[in-house]
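**Q** Below, each chain spelled out in residue letters.
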Amino acid sequence: MLKPLGDRVVLEAQEEEEKTVGGIVLASNAQEKPTTAKVVAVGEGRVLDNGEKLAPSVKKDDLVLFDKYSGTEVEYQGDKFLVVHEKDIVAIVD
Amino acid sequence: MLKPLGDRVVLEAQEEEEKTVGGIVLASNAQEKPTTAKVVAVGEGRVLDNGEKLAPSVKKDDLVLFDKYSGTEVEYQGDKFLVVHEKDIVAIVD
Amino acid sequence: MLKPLGDRVVLEAQEEEEKTVGGIVLASNAQEKPTTAKVVAVGEGRVLDNGEKLAPSVKKDDLVLFDKYSGTEVEYQGDKFLVVHEKDIVAIVD
Amino acid sequence: MLKPLGDRVVLEAQEEEEKTVGGIVLASNAQEKPTTAKVVAVGEGRVLDNGEKLAPSVKKDDLVLFDKYSGTEVEYQGDKFLVVHEKDIVAIVD
Amino acid sequence: MLKPLGDRVVLEAQEEEEKTVGGIVLASNAQEKPTTAKVVAVGEGRVLDNGEKLAPSVKKDDLVLFDKYSGTEVEYQGDKFLVVHEKDIVAIVD
Amino acid sequence: MLKPLGDRVVLEAQEEEEKTVGGIVLASNAQEKPTTAKVVAVGEGRVLDNGEKLAPSVKKDDLVLFDKYSGTEVEYQGDKFLVVHEKDIVAIVD
Amino acid sequence: MLKPLGDRVVLEAQEEEEKTVGGIVLASNAQEKPTTAKVVAVGEGRVLDNGEKLAPSVKKDDLVLFDKYSGTEVEYQGDKFLVVHEKDIVAIVD
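Chains as they are written, first to last, in the UniProt record's numbering: chain A, 1 to 94; chain B, 1 to 94; chain C, 1 to 94; chain D, 1 to 94; chain E, 1 to 94; chain F, 1 to 94; chain G, 1 to 94.
With the rest of the complex left out, here is chain A (with noise of 0.2 Å):
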């Protein structure tokens, strides 16, 4: 298993159609891409100036819009997964 550190999330990318009229899709001109992927893992959360850990606003199994070029790819056991850092992530989508 993937334990991310920190403000870290294991985020499993999914591969999304050029472009879909009813689902979420980037916009063909947009400036930052973002894309969406289920939530897989998340870490302990950011630590605050004071010490305390804040808690992470999404959780496993969330499906989520990210900033595409974020991130860090590895594969664990033959799948691929993105580690980003929770400020990376754009929205939950519902």
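Calculated directly from the structure, the hints in this document are not laboratory data. Quick caveat, the model's predicted, so the values are computed rather than measured. Be aware that one or more of the hints could be misleading.
[Stated by the list, open to error] Sample of chain D residues lacking proximity to chain F, with all beta carbon distances greater than 12 Å (derived):
#, residue
1, E75
2, Q77
3, D79
4, A91
[Claimed, not checked] Here are the simulated lysine-lysine pairs, PhoX-like style, with alpha carbons at most 20 Å apart:
#, chain 1, residue 1, chain 2, residue 2
5, G, K59, G, K38
6, B, K80, B, K53
7, F, K3, D, K60
8, B, K59, C, K53
9, A, K3, E, K68
10, G, K68, E, K80
A virtual CB, placed ideally from N, CA and C, is assigned to each residue, including glycine.
Here the structure of chain A is known, so what remains is to put chains B, C, D, E, F and G in place on it, guided by the hints.
**A** Leaving out everything else, chains B, C, D, E, F and G in the frame of chain A:
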């Protein structure tokens, strides 16, 4: 539904006429180009150093001026949205 | 009405004569060029690290000097306004 | 009257002779060029993180050395003034 | 023995095969290249603004993923080690 | 008299011989070039975030090593002085 | 005697052989080149935001690894010393 994280705000960008007399338009020689939009969803707010969340200054359905080049464009169920940080919102138009 | 957010201030920029003796004019060789304006609306103020809002130092109808190249120009109901951050206001002219 | 905001100080810049023996002059090979001025008005002081205002270290009529290239030049009722931040004042000349 | 200072961690870097199916390997097109290592020693942790030390999130013998280009290589008694800051450790592999 | 503001220190720079055996000289291949000076006056000290002033670590008549390229040169009543920030003082020579 | 200010540490740099098997040497392809030295004197420590001094993590006579390109070289009574900030010390060699 899109649930923006932290101090993010989901906006429904509004196409605007090039030059209108009664209404808010961009001065043609503006250095930064603010534009108008309706607030669709707001995050829980920025986390302060002491761990408290600062309630956002805008709410759903507010009409706002924001910096044109800020934010991330997304499409959700066929509609275009823009996700910006609250600090990129210049003013509320009452 | 325009309600500026945070530490922003809405100004009504004033055209100024090139060189006046009794009044406030820019010295011709000034490095930064401040200019005068009337305060039209003020935000609730900057949020401090402890979450308190710092009341703005200027109020409606104050005549102020501000850095010329700061701020965002907007037009509202046919009038031009400038939205600046309070820190870009140099002095109040009493 | 000019009421500087925050940690700003209004100075009446003094023309100085190129090289004087009894007095304060710039060494000809100085990297930064401080120059002398009389304090005309002081702001309420810098706002600390906890919201308190830090009383300025200079007062009206102090003669000060300041960094020559700092500040904003203004003219008010025919006189030239310089508005600087307190941190750009190097020393008080007693 | 090497006693790392502050938030530093001493790692025993592990040579890794170029491409493995069951295990953790770098995706060939990763932007940042994390790599695996065993924790050999940890410092007392980062000092917070209030003077407290934040206990490290990793401990001796943990297997970790870290950013490949971070840290300082040292040799001690014939073995190679890498000293990194805790923030450069991406995840613990359980 | 020169009263330096904040964390500033007024130094009386000392001309130094190029290379001395018993004494403090710059190593010829030093990256930064510290040099020696006598403390002439000290400010009230740096203001901390909580508003308290941090008493300076040097006092009048201390002999100090400081970074050669730091500070502002001034002349006062025919003598040359250097005003530096306390952080640019490397060590006291006892 | 040299009394370093703040978080500074005076080191007696040690000449090191190019490549040794039993001992601490720089890996030939290290990005940053740490090197070993003996601690000669330590300052009172870094001042925290609340005004407290953080006791240094190293003490006189410790053997330390430090970043080679950090610090300021000085000569005192014929000996060469290096003054570094504590943060540039990588590890203590026990």
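**Q** Now, for every hint given, state plainly whether the structure supports it.
**A** Hint check:
{"no.": "1", "hint": "E75", "in the structure": "holds, 27 Å"}
{"no.": "2", "hint": "Q77", "in the structure": "holds, 29 Å"}
{"no.": "3", "hint": "D79", "in the structure": "holds, 25 Å"}
{"no.": "4", "hint": "A91", "in the structure": "violated, 5 Å"}
{"no.": "5", "hint": "K59(G) to K38(G)", "in the structure": "holds, 10 Å"}
{"no.": "6", "hint": "K80(B) to K53(B)", "in the structure": "violated, 28 Å"}
{"no.": "7", "hint": "K3(F) to K60(D)", "in the structure": "holds, 16 Å"}
{"no.": "8", "hint": "K59(B) to K53(C)", "in the structure": "holds, 19 Å"}
{"no.": "9", "hint": "K3(A) to K68(E)", "in the structure": "holds, 18 Å"}
{"no.": "10", "hint": "K68(G) to K80(E)", "in the structure": "holds, 18 Å"}
Hint violations for this structure: numbers 4, 6, all remaining hints satisfied.
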